[in-house]
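Could you put the whole structure together from the sequences, leaning on the hints where they help?
Top to bottom, those sequences are chains R and U.
Positions 1 to 188 (the numbering used here) are the ones given, in order, by the first sequence.
Positions 1 to 331 (the numbering used here) are the ones given, in order, by the second sequence.
Because the hints were derived from the structure by calculation, they are not lab data.
There may be inaccurate statements among the hints.
Unchecked claim - Some, not all, of what chain U presents toward chain R, calculated at C-beta under 10 Å:
#1 Tyr44
#2 Val54
#3 Phe304
Stated by the list, open to error - Okay, the calculated beta carbon distance ranges per label pair:
#4 Ala247/U - Cys149/R: 55 to 61 Å
#5 Leu283/U - Asn130/R: 40 to 46 Å
#6 Asp276/U - Glu168/R: 53 to 59 Å
#7 Asp189/U - Ala105/R: 42 to 48 Å
#8 Ala274/U - Gln153/R: 48 to 54 Å
#9 Arg297/U - Cys53/R: 31 to 37 Å
#10 Pro305/U - Ala105/R: 42 to 48 Å
#11 Leu97/R - Arg297/U: 30 to 36 Å
#12 Ser20/R - Ala217/U: 39 to 45 Å
#13 Cys149/R - Gly65/U: 55 to 61 Å
Unchecked claim - Once the Cα atoms are required to be at most 16 Å apart in a straight line, the calculated EDC-like pairs of lysine to aspartate or glutamate come out as:
#14 Lys68/R - Glu79/R
#15 Lys12/U - Glu79/R
#16 Lys68/R - Asp16/U
#17 Lys24/R - Glu128/R
#18 Lys81/R - Asp93/R
#19 Lys68/R - Asp79/U
#20 Lys81/R - Asp38/R
#21 Lys24/R - Asp66/R
#22 Lys2/U - Asp42/R
#23 Lys2/U - Asp38/R
Using N, Cα and C, we set each Cβ at its ideal position, and we do this for glycine too.
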Amino acid sequence: MASHPLPLAGNPPVEVWTASVNGKQVQTIIKNYDVLLDVLRDGIGSLGTKRGCDMGTCGCCTVLIDGKPRLSCMTLALEAKDRQVTTVEGLSDGHHLHPIQEMFAECGGSQCGFCTPGFLVTSAALLETNPTPTRQEAMDAIEGNLCRCTGYQQIVDSIMSASKILSEGIQNKPITEPASDPDPGFGG
Amino acid sequence: MKTPAFEVHMPKTLDDALETAKHLHEGGHDFDWISGGTDLIPNYKWGINPKPHVISIFGVSELKGISATRIGAMVRLQDIVESTVAHPLIVEAAGTIASVMIRRSGTLGGNLCLDTRCFWLNQSETWRKSIDYCHKCDEGTGADCRVIPNQNELCVATYQGDLAPALMCLDARIHLASHRGTRSMLLEDFFQEDGITRNVLETGEIVTHIQLPENSADFIGSYQKLRLREAWDFPEGGVAFSVGISADGTVSTINMASTGFESIPRKHIELIEALDKGPNWALEAERLGAELKRAVRPVLNTWFPPAYRKKMASVLARRAMEETSKRVTSG
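Structure (structure tokens):
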């Protein structure tokens with residue numbers, strides 16, 4: 001954008017931005033026109049929220065605003081002021097992963113991992129409102145998130161497995177301690 | 001990408017919003033309205049005609065609220081999709097818009113006032129600079145139109161909103177407000193065939209809501225859309241078709257409207273006038289499709305070539321008519 005003669009509105013005002021991010025009250029100074037993604041990453045330091053396409057296509061930047069998934073790259077920060085914002089860091093309680101996170105690890109829902117925060121947040125919101133989605137409902141819920149690695153099947157598997165845990169308390173496999181790498185590669 | 005600097009104004013009431021607009025206009029400041037931001041913010045990030053001031057109508061409660069006959073401009077598209085009171089044709093068309101994530105931000109007013117799109121325009125600034133820009137966003141260079149060269153009068157960027165044809169088929173009226181007062185018109189009179197002006201909105205004027213006629217529940221219709229992927233993509237062509245069923249079960253009115261073919265969504269009144277409204281109206285699908293194909297004039301500025309989109313106009317019209325016929329039969 002450097003070459004562009006920016007239509008600067010003089011000096012756009014800065015203001016104090018407050019919100020509850022992952023249950024914690026935060027306060028930071030923002031530029032009046034900042035989008036939520038910029039505030040979360042650069043102001044709050046919540047780096048779990050990823051900047052993907054920055055155009056609303058990929059869903060990597062998804063966060064929950066008052067429990068509803070929204071694209072933070074296209075939401076003005078002022079819109080989220082004084083509201084509850086949940087990023088991927090807020091899904092676990094600090095000691096235990098959210099079932100959807102467990103199942104992403106278990107079912108191979110994440111490969112390169114860049115899209116994963118968006119998928120986790122979107123899936124967690126789906127399971128919150130509909131704990132027993134059908135496969136089609138799960139696919140419809142993630143239509144706004146792009147993944148170039150998994151081919152989506154494992155992600156839908158993860159959602160269905162997490163749904164079982166949440167709705168019936170049934171686990172496919174007992175969750176174990178982090179295991180050693182089964183395929184250590186070079187020098188293993 | 002860095003968002004270019006602008007100043008956001010967040011009025012809390014409609015009067016406040018219109019007053020802010022008046023104040024900015026009188027002060028000689030350029031501004032845009034923003035509701036969901038799914039169209040405006042990506043355009044700003046790509047440096048497409050950004051303005052120094054933006055008025056957000058996010059907090060204006062008068063623009064919210066949805067009922068069977070009235071939908072506020074600030075109603076989110078996903079709320080329409082999940083609504084139990086909105087007309088099924090509007091729900092169907094809203095459900096095809098972009099992806100569920102975009103629909104949670106995007107609004108009815110924003111979708112109707114969607115900026116026209118063109119593959120010479122909706123590109124990064126570096127890309128556009130490499131072709132010396134285009135007529136719609138010329139950066140002061142006086143650049144020529146890249147689609148139809150040697151004319152700098154008409155922008156032929158394509159209007160790709162999904163809701164307009166569905167609402168036109170329900171005889172919707174659009175209500176506008178500015179500090180000078182309010183006015184309303186049939187939705188088909190709201191749009192203007194120019195990719196730059198797009199519609200009749202004057203500076204400082206906004207869409208407040210859409211009003212459907214009291215008998216809109218008697219309309220049964222279908223919306224058919226052509227796109228590359230089943231999510232996210234804008235319509236490469238879309239056709240809505242509806243019939244109004246009177247109390248004795250006969251067809252009283254027939255409507256058809258299209259989007260994604262030109263700079264303007266169009267209600268095809270002249271094509272429908274020739275249509276037989278008798279019990280065999282559904283048998284005219286092939287003929288009506290062929291006529292729509294002749295009527296639309298797509299240009300080479302979206303993903304699919306114009307010849308294919310023209311051909312698909314007839315297919316979409318036939319599908320919309322057949323689907324409507326099925327729905328009428330099944331009650």
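Now the hints, each set against the structure:
no.: 1; hint: Tyr44; verdict: 9 Å, holds
no.: 2; hint: Val54; verdict: 7 Å, holds
no.: 3; hint: Phe304; verdict: 19 Å, violated
no.: 4; hint: Ala247/U - Cys149/R: 55 to 61 Å; verdict: 57 Å, holds
no.: 5; hint: Leu283/U - Asn130/R: 40 to 46 Å; verdict: 42 Å, holds
no.: 6; hint: Asp276/U - Glu168/R: 53 to 59 Å; verdict: 57 Å, holds
no.: 7; hint: Asp189/U - Ala105/R: 42 to 48 Å; verdict: 57 Å, violated
no.: 8; hint: Ala274/U - Gln153/R: 48 to 54 Å; verdict: 50 Å, holds
no.: 9; hint: Arg297/U - Cys53/R: 31 to 37 Å; verdict: 32 Å, holds
no.: 10; hint: Pro305/U - Ala105/R: 42 to 48 Å; verdict: 45 Å, holds
no.: 11; hint: Leu97/R - Arg297/U: 30 to 36 Å; verdict: 56 Å, violated
no.: 12; hint: Ser20/R - Ala217/U: 39 to 45 Å; verdict: 42 Å, holds
no.: 13; hint: Cys149/R - Gly65/U: 55 to 61 Å; verdict: 42 Å, violated
no.: 14; hint: Lys68/R - Glu79/R; verdict: 13 Å, holds
no.: 15; hint: Lys12/U - Glu79/R; verdict: 12 Å, holds
no.: 16; hint: Lys68/R - Asp16/U; verdict: 28 Å, violated
no.: 17; hint: Lys24/R - Glu128/R; verdict: 20 Å, violated
no.: 18; hint: Lys81/R - Asp93/R; verdict: 24 Å, violated
no.: 19; hint: Lys68/R - Asp79/U; verdict: 12 Å, holds
no.: 20; hint: Lys81/R - Asp38/R; verdict: 14 Å, holds
no.: 21; hint: Lys24/R - Asp66/R; verdict: 14 Å, holds
no.: 22; hint: Lys2/U - Asp42/R; verdict: 12 Å, holds
no.: 23; hint: Lys2/U - Asp38/R; verdict: 9 Å, holds
Comparing the model with each numbered hint stated earlier shows that hints 3, 7, 11, 13, 16, 17, 18 do not hold.
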